[in-house]
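One-letter residues, chain by chain:
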Amino acid sequence: SQTIHQWPATLVQPVGSPLSLECTVEGTSNPNLYWYRQAAGRGLQLLFYSVGIGQISSEVPQNLSASRPQDRQFILSSKKLLLSDSGFYLCAWSLTLYGYTFGSGTRLTVV
Amino acid sequence: GIQVEQSPPDLILQEGANSTLRCNFSDSVNNLQWFHQNPWGQLINLFYIPSGTKQNGRLSATTVATERYSLLYISSSQTTDSGVYFCAVGSGNTPLVFGKGTRLSVIA
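Protein chains in written order, with my numbering: chain A, 10 to 120; chain Y, 575 to 682.
I should point out that these hints are in silico values taken from the structure, not numbers from a laboratory.
By construction, the Cβ of each residue, glycine as well, lies at the ideal position given by its N, Cα and C atoms.
There could be a bad hint or two in this list.
What the hints assert, rightly or not - Pairwise CB distance ranges (calculated):
1) A:P27 / Y:E589: 23 to 29 Å
2) Y:T627 / A:S76: 40 to 46 Å
3) Y:T594 / A:S66: 45 to 51 Å
4) A:R51 / Y:S625: 24 to 30 Å
5) Y:T594 / A:V21: 36 to 42 Å
6) Y:S649 / A:P27: 23 to 29 Å
As the list claims (entries may be wrong) - Chain Y residues, not near chain A, derived (Cβ > 10 Å throughout):
7) Q588
8) A591
9) Q607
10) G615
11) Y622
12) S625
13) L633
14) S634
15) T653
16) A662
Using the sequences and the hints given, assemble the complete structure.
See the structure below:
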């Protein structure tokens, strides 16, 4: 069966420090991969999505970047965190239109 | 882009009560999903329902695509139903766009 792993679960980082969040999917090939952010406990905002290795689409211009170095690995990064980067980051994958599966999320607090 | 509006934003129910959550969207879609986010943040897919009606236990959903809305029905609510319910839509192969959610609190 397919599973999605996301880590770390929580992270507290100082302003100006770098960030790397990792998401991996098991049990499937060539999934569509997504990074969403949820601020203030409400709506999810799409940050990046990828339909294949090295193919990244950015939805919101910001302080973050994404990479897909392997088929089932999706990484969210920042060189210098801002206070406004705090939030709940969720990775998801899908093979079809209706098969979105989310990871357990990373709660990031920038201090 | 597509706009998604959910109502009500917050809902408090007594255990055993029924409720209806609404999702309006601004454009034609070929993908509509309902999700439940539990208090620990985990998002669970409830329904894929771009049109028609589906039922799963105490939950059911109806989408009227021509009128651009979807409804999620929760019957005989339980405390474990608490959390945030999201409607998300997409068209073509675009990623899902989420509404702001309805926060449901079921009180024993």
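* Which hints, by number, does the structure contradict? -> 1, 3, 6, 9, 10, 11 and 16
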